[in-house]
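Take the sequences, apply the hints, and build the full model.
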Amino acid sequence: MTTNLTVRVGDLELRSPVIPASGVWPYAEDFWGGEKLEGIGALCTKAISLEPRAGNGGVRIWETPSGVLNSIGLQNCGVREFAACYAELVKNCPVPVIANVVMERPAETRETLRILSEVEGIAAAELNISCPNADGDGMAWGVCCEQAAVAVRAAREAWNGRLWVKLTPQSADIAAVARAVEAEGADAIVCANTWLGMAMDMTVGKPAFGRVVAGLSGPAVFPLALRAVWQVCGAVKIPVVGCGGVSNASDCAAMLLAGASAVEVGSAFFADVKAGASICEGLPEFVKRYGASELLELTGRARIS
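Its first residue numbered 1, the sequence shown is counted upward by one per residue in the numbering used here.
All clues stand as given, with none of them false.
Distance condition first, Cα-Cα at most 27 Å in a straight line; then the derived DSS-like pairs of lysine-lysine:
| no. | residue 1 | residue 2 |
| --- | --- | --- |
| 1 | K91 | K274 |
| 2 | K274 | K46 |
| 3 | K36 | K91 |
| 4 | K46 | K36 |
| 5 | K46 | K91 |
| 6 | K36 | K274 |
| 7 | K274 | K288 |
Because the hints were derived from the structure by calculation, they are not lab data.
The structure presented is a predicted model; accordingly, all values stated were derived computationally and were not measured.
Here you go:
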């Protein structure tokens with residue numbers, strides 16, 4: 001018997017809980033349909049800002065024994081080119097498309113969202129207040145309740161659709177930030193982004209990255225992300241999408257048991273473009289193990305005493 005892997009993030013239904021995190025999925029047309037989408041419940045776009053961004057110079061990716069450091073710096077083509085070049089991909093995509101939006105100054109973010117509101121088929125906007133690899137914006141908006149509230153309020157002024165907000169784990173009290181985001185009208189929270197780390201280039205004895213620090217993802221951060229998801233799920237009533245180090249079905253099921261409604265997956269897709277299918281293949285075992293009849297019954301199950 002086939003196990004039902006359908007989940008819901010609020011009123012948005014996904015055929016599976018796996019969503020490639022922002023920055024992972026290419027805009028190549030063959031990645032937006034067919035077997036490449038096997039096991040994938042929704043697609044998240046690369047970061048979108050009002051104007052094009054070149055991103056950071058120098059080293060951008062650095063492998064570690066248990067994860068990956070990245071310093072991409074929100075490189076993207078800008079919202080106008082996105083709307084001109086990729087609107088057909090979004091419109092024809094067989095799974096929901098989540099548009100990841102850079103939180104810049106409020107006026108810029110409002111304009112980005114206004115332009116995106118004219119792109120047919122965007123299922124939700126994901127407000128990124130969590131990027132560790134850009135100066136002046138990015139995670140600076142997400143480390144405290146006051147700034148996070150300003151960001152969500154600005155987005156809400158321009159976006160009437162579903163609004164997800166991606167938090168930073170660098171906040172001293174991520175649960176408090178989550179409550180502030182919920183109070184301003186977010187429909188869901190993505191928890192969380194990469195953790196700050198650094199690498200030393202031992203061939204020259206200098207930091208590997210031009211900005212010194214970079215974002216760490218992969219298996220090393222999974223226990224940290226799971227803790228954050230547990231805390232945030234206990235603090236808010238809106239849905240939470242777990243994100244951080246998920247690389248197999250067990251990780252995905254653990255996030256759901258902690259209270260997540262779905263998961264975003266990043267580094268695992270760099271190692272295996274079929275990571276979504278691999279994760280989904282292992283999920284029925286966990287549905288059976290915990291006496292559930294379908295996957296969505298696992299959400300929050302570990303919180304029930």
